[in-house]
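Taken in sequence, the protein lines are chains A and B.
Counting from 1, one number per residue, gives the positions in the first sequence under this note's numbering.
Counting from 1, one number per residue, gives the positions in the second sequence under this note's numbering.
Keep in mind that the hints were calculated from the coordinates and are not lab data.
Each computed DSBU-like pair below joins lysine-lysine, with the alpha-carbon atoms no more than 35 Å apart:
hint, chain 1, residue 1, chain 2, residue 2
1, B, 23, A, 129
2, A, 129, B, 35
3, B, 35, B, 23
Far from chain B, by Cβ distances over 12 Å, these chain A residues were calculated:
hint, residue
4, 3
5, 10
6, 29
7, 30
8, 67
9, 84
10, 86
Which bits of chain A does chain B cover? Going by a derived footprint, with three or more residues having C-beta under 8 Å, they are:
hint, region
11, 92-105
12, 109-120
No residue lacks a Cβ here, since even glycine has one placed at the ideal position from N, Cα and C.
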Amino acid sequence: MTGNARRRSTGRALALCLLAWLVPTAGHFALRRRGRAAIFAVLLLVAVVVGIHLDGELHRVVPGQPLTMLFTLGAMGLGAPYFVLRHGLGYVGVPEAAGFEYGTVFLLSAGLMNLLLVLDVWDIATGVKD
Amino acid sequence: MSHFLLMTLYAALLGVFFATLWKRERRAQLVLFAKIFGSLVGGAILLGWLMYFFPSGPPKPFP
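Excised from the complex, chain A in its bound form (with noise of 0.2 Å):
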C-alpha cells in the first residue's frame, strides 16, 4: 500500500470511528455488518432504557471527586445520547430511587459497550478483523 493510500486508509477509519462513538452502531452499519449492529443496536438499547427506567445516574465531572472522571468517560462513551439525554433533557438520575445503582451500571456499561464497539470499528475498518 502507498503512502497515500495508507493515510486515506486511517483516515477512512478514523471517520468511522468518530461515526461509531457519536451514533452507537453506525460504524457497524457503515461497514455493512447489518445483523452484528442491529444486534448490538438493540443491546444498548435495552441497556440505557432500563437504566433510564431504573433511575440511573448517567455521570458528570464531581469536583473534588477524581473518580468521577473515570465514570464520566465511561458513560461519554455512549456518544450523542448521552448529551441528548444530559443537556437535551436535562436526565441526570433519581438517587433516592430503589433501582439507582442498578441503572447507574446499566447505563455505564452502554456507554463502556459502546467504546468497544468504537474498536471493533477500528478493527474491521483496517483489516485486522473481517
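Using the hints provided, position chain B relative to the given structure of chain A.
Frame of chain A; chain B shown alone:
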C-alpha cells in the same frame, strides 16, 4: 423488577454482547455466551451462599 431479574438481564446483555463481538461461528458464540452468563449468575449465587456463613449481624451501637 427484582434484584435477581435485573442481575440475570445484565448477565444476558453482557453475554450476548461479548459473544457477538468476539466470536464469529454460531457454536463458539453459544459457548462463550454460556460461559459469561453462567459465570456471572452462578458466581453471584455462589457468593450469596458463601455470605450466609458470615452474617453481618445487628449494627454496632454508637460508642
